[in-house]
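S.K.: These protein sequence lines map, in sequence, to chains A and B. Under our numbering, read the first sequence as residues 1 to 232, first letter to last. Under our numbering, read the second sequence as residues 1 to 265, first letter to last.
A hint or two may mislead.
[What the hints assert, rightly or not] Partner residues are not named here, just some residues of chain A that face chain B (Cβ under 10 Å, in silico):
no.: 1; residue: PHE14
no.: 2; residue: PRO15
no.: 3; residue: ILE18
no.: 4; residue: PRO80
no.: 5; residue: TYR84
no.: 6; residue: ASN86
no.: 7; residue: ASP87
no.: 8; residue: ASP100
no.: 9; residue: TYR102
no.: 10; residue: ARG227
no.: 11; residue: VAL229
no.: 12; residue: PHE230
Source of the hints: derived by calculation from the structure; they are not laboratory data. Backbone N, C-alpha and C fix where the C-beta goes; we use that ideal spot for every residue, glycine too.
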Amino acid sequence: MDSIVECRNLTKCFPGCIALNSVNLSIPKGQIVGLLGPNGSGKSTLIKLMNGLLTPTAGEVRINGMKPGAETKKIVSYLPERTYLNDWMSVQNIIDFFGDFYADFSKAKAYDMLQRLHINPNRRIKTLSKGTKEKVQLILVMSREAQLYILDEPIGGVDPAARDYILDTIISNYSKDATLLISTHLISDIEKILDGVIFINMGNIVLTASVDKIREKENKSVDEFFREVFRC
Amino acid sequence: MLGRMMKYEIKATQRTFLPIYGLIIIFALLIRLFTQFNFQHMNGAFSFLMGITIFIYVILIAAALIMTIVATSRRFTTNLLGDEGYLSFTLPVKIHSHIDCKMLVSLMWAVLSVIVTLLSVFVLSVDTNFINKNNPFFAEFGADYSRCGNMAHLITFEIIVLVLISILCVILQIYASATVGNLCGKHRRLVSFGTFIGLGIAQMIVYSFIINYIKIKNFSLPMGEQAMLSAIAANIGIAMAVTAAFCVAFYFLTYWLLSRKLNLE
Numbered sequence: 001m002d003s004i005v006e007c008r009n010l011t012k013c014f015p016g017c018i019a020l021n022s023v024n025l026s027i028p029k030g031q032i033v034g035l036l037g038p039n040g041s042g043k044s045t046l047i048k049l050m051n052g053l054l055t056p057t058a059g060e061v062r063i064n065g066m067k068p069g070a071e072t073k074k075i076v077s078y079l080p081e082r083t084y085l086n087d088w089m090s091v092q093n094i095i096d097f098f099g100d101f102y103a104d105f106s107k108a109k110a111y112d113m114l115q116r117l118h119i120n121p122n123r124r125i126k127t128l129s130k131g132t133k134e135k136v137q138l139i140l141v142m143s144r145e146a147q148l149y150i151l152d153e154p155i156g157g158v159d160p161a162a163r164d165y166i167l168d169t170i171i172s173n174y175s176k177d178a179t180l181l182i183s184t185h186l187i188s189d190i191e192k193i194l195d196g197v198i199f200i201n202m203g204n205i206v207l208t209a210s211v212d213k214i215r216e217k218e219n220k221s222v223d224e225f226f227r228e229v230f231r232c
Numbered sequence: 001m002l003g004r005m006m007k008y009e010i011k012a013t014q015r016t017f018l019p020i021y022g023l024i025i026i027f028a029l030l031i032r033l034f035t036q037f038n039f040q041h042m043n044g045a046f047s048f049l050m051g052i053t054i055f056i057y058v059i060l061i062a063a064a065l066i067m068t069i070v071a072t073s074r075r076f077t078t079n080l081l082g083d084e085g086y087l088s089f090t091l092p093v094k095i096h097s098h099i100d101c102k103m104l105v106s107l108m109w110a111v112l113s114v115i116v117t118l119l120s121v122f123v124l125s126v127d128t129n130f131i132n133k134n135n136p137f138f139a140e141f142g143a144d145y146s147r148c149g150n151m152a153h154l155i156t157f158e159i160i161v162l163v164l165i166s167i168l169c170v171i172l173q174i175y176a177s178a179t180v181g182n183l184c185g186k187h188r189r190l191v192s193f194g195t196f197i198g199l200g201i202a203q204m205i206v207y208s209f210i211i212n213y214i215k216i217k218n219f220s221l222p223m224g225e226q227a228m229l230s231a232i233a234a235n236i237g238i239a240m241a242v243t244a245a246f247c248v249a250f251y252f253l254t255y256w257l258l259s260r261k262l263n264l265e
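Isolated chain B, as found in the complex (with noise of 0.2 Å):
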């Protein structure tokens, strides 16, 4: 039931998104054409065509991840809380299954969102001149993280995996925020985006407090470069562990007020 729901909200979502990629991907190869012509023999009209091809390409990759924020919030509020939700609440699923299939699309299009910026950013800023030029850049880094062994794979996975639990978070934090405010009568957006404010300074106190009294004891400068590693390995660690109980905390809150506060209008 999860993958027939899934389907649907990724055919509701992907109007929003798709447009926006391939509009990056247009603008990304059309400054990267461009730029290919001497700057030096550039008429007036062809630098203000240049402008603003570079300026639609930015605000279009604002845009990409503004719209990813903005979806997660629609989609669930409209479609669970609105008049759809009318809807999807009398689907024989289980309401877990909500959360999750609204959970997975909005990460999957998160992680979309980026890797379709930064593949705009390699069509713009990569050819074979650029990895050419840049060879010694390249070999240093292969040669320092080979150095570093294992170690560097275990940071390099765990930094994959703390930035897709920190949108998962945000993601969740917003599934939160607004089941909170549904439960008001009056005033619905507003005391969301307050308990999105107060969700986001209580893990800020959280995580200050760990930083305060946890992580500092872990360095003890000077330290040796493996003994660094390890260091900053279990402070990710720490990092993905608190965020993953924010994620879960989240969870269940939105969890517990829909399936036991449930009040559509």
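Just chain A, with the same shape it has in the complex (with noise of 0.2 Å):
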């Protein structure tokens, strides 16, 4: 099976820690992978190399072949866990911005989402509260016909009632011969829309597979899989 992301032996040292250790991983292309472990196992650490924000210590990731640059950017569509909106601009403005940037957004189906979630896109992105900025953010990833999206902690931040729609949002917009990869620790909200897992803990990758096969084999669900593993 072809392969979206490639890592090998990639590593990252910060000062005084080892945030990624030799990882070698291979997500394949179309699926629904989530990228699972406690806090400060390495997800985000993981996450950034795969968009080019930061720099590898060691090894290499590449995005469909090519290393992290202006190309891969083109067909990856990245949610990262902060808000990271210009507060100058409305929401329509971001969304001209992303449509002046991005070949494959589409700015009907942001407006559409915007009016599902009753954001008025006359706002100004400083007046909005934390929880809108972060939905008016998964409504521009979202809005892309990416092959890759990449979200990190797409329902941290948001209440417990919205976190059903904002899965829904992601199954319902993502295209679907792309590969979306979630992080998250809230694994229970996310499980039934996961194909694989891959686990990673301290910086390693403690597994990789596919969710029947951890329900098979464990006749557990990943939640409960999860817990055992990770247990403290």
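Quick one: dock chain against chain with the hints and give me the complex.
M.R.: Now the structure itself:
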């Protein structure tokens, strides 16, 4: 099976700690994969390396066979775990901005999602609550026809009532032949949509498996299996 | 793509500069209006108002120049090295486009700040009487300029280019310093400031070396007018070349660090 992400001996060190320890990983195309691990396990570091926001200490990561750069950014739609919106813009401005820079961005899709989430496009970003900003970011990311969606904690900052809606938004808006990599520790909320999982802990890949295999072999849900593997 | 990036960069920064430019021109016009009255007939309140207006005008001029430097540094650090960098660096554009965009827009505001300041001074001081009164000055200046011929054009051109390159050099020095500071986990601002000072000292040392060992050889007084003009043109040319070399060095240091050592928090 073709891979969209390939990591070879990928290592990232920060002063005083090894965030990723010689990771070898292959993520196949066309799947929804959960990147699961406790806090500080290296999930965000791995994701940032895939997006070229960090430079590897050793090894390499390739996206569709290419090193992270302008070409990979055309095919990757990334939702970071923090708010990156320019405060001076209105929601409409940021939609125009994405439309100007990403050839695969659909403004119609974005406005449709805004309407369904009752977000006024004329509002200034700085007047939005943190949760609404996160929803706007998710709308921007999911309005692209990307080959790889990387979502870092997409439901971490929203209330439980909105989580199902957001997961539905993700599922109903991503391109069907695309790959979706979702990082989270709220496993029970996303388990139902996953095809495969990657368990990561202390910078090491502990397990890569399909959700069906975990259920068959372990006779447990992914959430239960995760709690067993990472029991403190 | 660079054009689109510049469009948003100008939109992001114009909110800072345009109000200041507008206020500078308004206050210059106000001062001009006050000076139309005869000063001897001014009462205390009027003089106070005039004084306040002049004070605010001077503060605005200073603010425009300081804001140019502050905005240059702030836009680079927040939009590329801060949280907004998560969006900027995931746009499908090359690293050098980010630097080019910020550099050109900062240069544009710096030049506009100088133009608006000169324009306000023009509004304050120049009227038909002034031009008539100073006719001999302009006539003398024009005659001198014509006598120098092409050399005057060359020196004027060189001075304009040198000013532009010097502004670029400061902008790129700020970018290089901020990027070096970003390599440090802690005390980023302190390291950036220290790097800025360090790069400034390095430039001073190079300029001193060149002044002492190269430029001085060109002057051997007494010398004729044309020889003097040629020496001035040659030395401005050397200054241009050295400043341009620093620009290139700072640009590539910034580019190398952003493309090979980027580590967003």
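S.K.: A separate judgement is required for each hint: does it hold in the structure or not?
M.R.: Tested hints:
no. : hint   : result
1   : PHE14  : holds (7 Å)
2   : PRO15  : holds (6 Å)
3   : ILE18  : violated (15 Å)
4   : PRO80  : holds (4 Å)
5   : TYR84  : holds (4 Å)
6   : ASN86  : holds (6 Å)
7   : ASP87  : holds (9 Å)
8   : ASP100 : holds (5 Å)
9   : TYR102 : holds (7 Å)
10  : ARG227 : violated (30 Å)
11  : VAL229 : violated (29 Å)
12  : PHE230 : violated (25 Å)
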